[in-house]
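Participant: Heads up: the protein sequence lines correspond to chains A and B, in order.
Note that our numbering has the first sequence beginning at 126, numbered continuously upward.
Note that our numbering has the second sequence beginning at 35, numbered continuously upward.
Hints listed in this document are in silico derivations from the structure and should not be mistaken for laboratory results.
Glycine is no exception: its CB is placed at the ideal position from the N, C-alpha and C atoms.
Among the hints, erroneous ones may be present.
[Stated by the list, open to error] Incomplete in silico selection of chain A near chain B, CB under 8 Å:
id, residue
1, Ala143
2, Val228
3, Pro244
4, Leu288
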Amino acid sequence: MGEAALFWVMAPVAVLGALGLVFSRKAVHGALCLAVTMISLALFYIAQEAPFLGVVQIVVYTGAIMMLFLFVIMLVGVDSSDSRVETIRGQRVAATLAVAGVVLLLAGVTIRATLPEEPVGLNQATPDGNVSAIADAIFGTYVWAFEIVAALLITAAVGAMTLTHRERIVAKATQKELSIKRFSEGRPGDAAGLPVPGVYARHNAVDTPALLPDGTPSEDSVNRVLIARGAARSTDEFRHHPTPADVEAAATETSFSVEGEDVAAGESDNRAGEIGTDDDASGGERA
Amino acid sequence: MNPTNYLVLSIILFSIGAAGVLIRRNALVAFMSVELMLNAANLAFVTFARMHGNLDGQIVAFFVMVVAAAEVVVGLAIIVTIFRTRRSASVDDASLLKL
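Extracted from the complex, chain A is given alone in its bound form (with noise of 0.2 Å):
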């Protein structure tokens, strides 16, 4: 009862999740799709007397598998979704007539073979208990396919490696030789390196760039690779607008310092020209 309760409620997840990988336009939404079918398969392993299966379903598939899937898809870039035109003609009708060709034979497999009404169950095939049983199977019967998966996962890994590696060429350049590069290029500005994103702005995050000691936002402190995304967020939300207040503020204080008015475009709230509490104030809204 409460297995066939599980099953059809798990049952439906679980296709509706292979239909999301199957379906979804970004690739991201897949895995996540295919995460739920995995797990739902996982419980079915569970109530049908393989807890061991279950168990590793979750901690090699939904654990390790679908986090390498993610991690690829990050690296590989997030939004690369599929574009809908078809390059073989033809090739979506084909490929539904042989998936119903499939499941019309495995159908028919499954109706025609006589198969027991109900289970025979595992109570006397484990006598101790599931996992002691596939231990003994694992490293008595099938010891030397235990051996050789061994193998093959080692050799995967090292093939992995291999595939993925990436021979230096030439030799990474050091700090020196980069500020002679800026220094020869003529960006003396940029001497001590570009400046890091959200410094003294009012976000730290990388997306936000960086407010110059004049007040203007800097383009350059955002990463390349996040403005070509669009994923930054513009200079513009950044430049200080000052208000009358600002301006009548900063004229008064003039008198203390000429850069009054230059930190005062910095500062969003009205704490202009204190030059020596300066420090203090970004500190804090860093933090």
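Since the structure of chain A is provided, determine the placement of chain B on it from the hints.
Facilitator: Chain B only, in chain A's frame:
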């Protein structure tokens, strides 16, 4: 409950995975569909093991999982390598061997 229900679910999942491999052109999605097919086959193995009271089905499912893990590692490495050289994850763009 009749265990044939699990077999039917396994058939459905396998067919959806096959459709994904045939229709989708993003290499990652096609690859995930292969994983779905392997999982569906595993469900059938586990169901048969219980149906016939024989543990061997579960052992085979276990080995399928291990081989799937190895396959994923190498496959994803290949996808990353192709993406690095061709800047694309579409299976249509990897046609260098074609005349």
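Participant: Could you run down the list of hints and mark each one as holding or not?
Facilitator: Verification of the supplied hints:
no.: 1; hint: Ala143; in the structure: holds (4 Å)
no.: 2; hint: Val228; in the structure: holds (5 Å)
no.: 3; hint: Pro244; in the structure: holds (5 Å)
no.: 4; hint: Leu288; in the structure: holds (4 Å)
Comparing the model with each numbered hint stated earlier shows that all of them hold.
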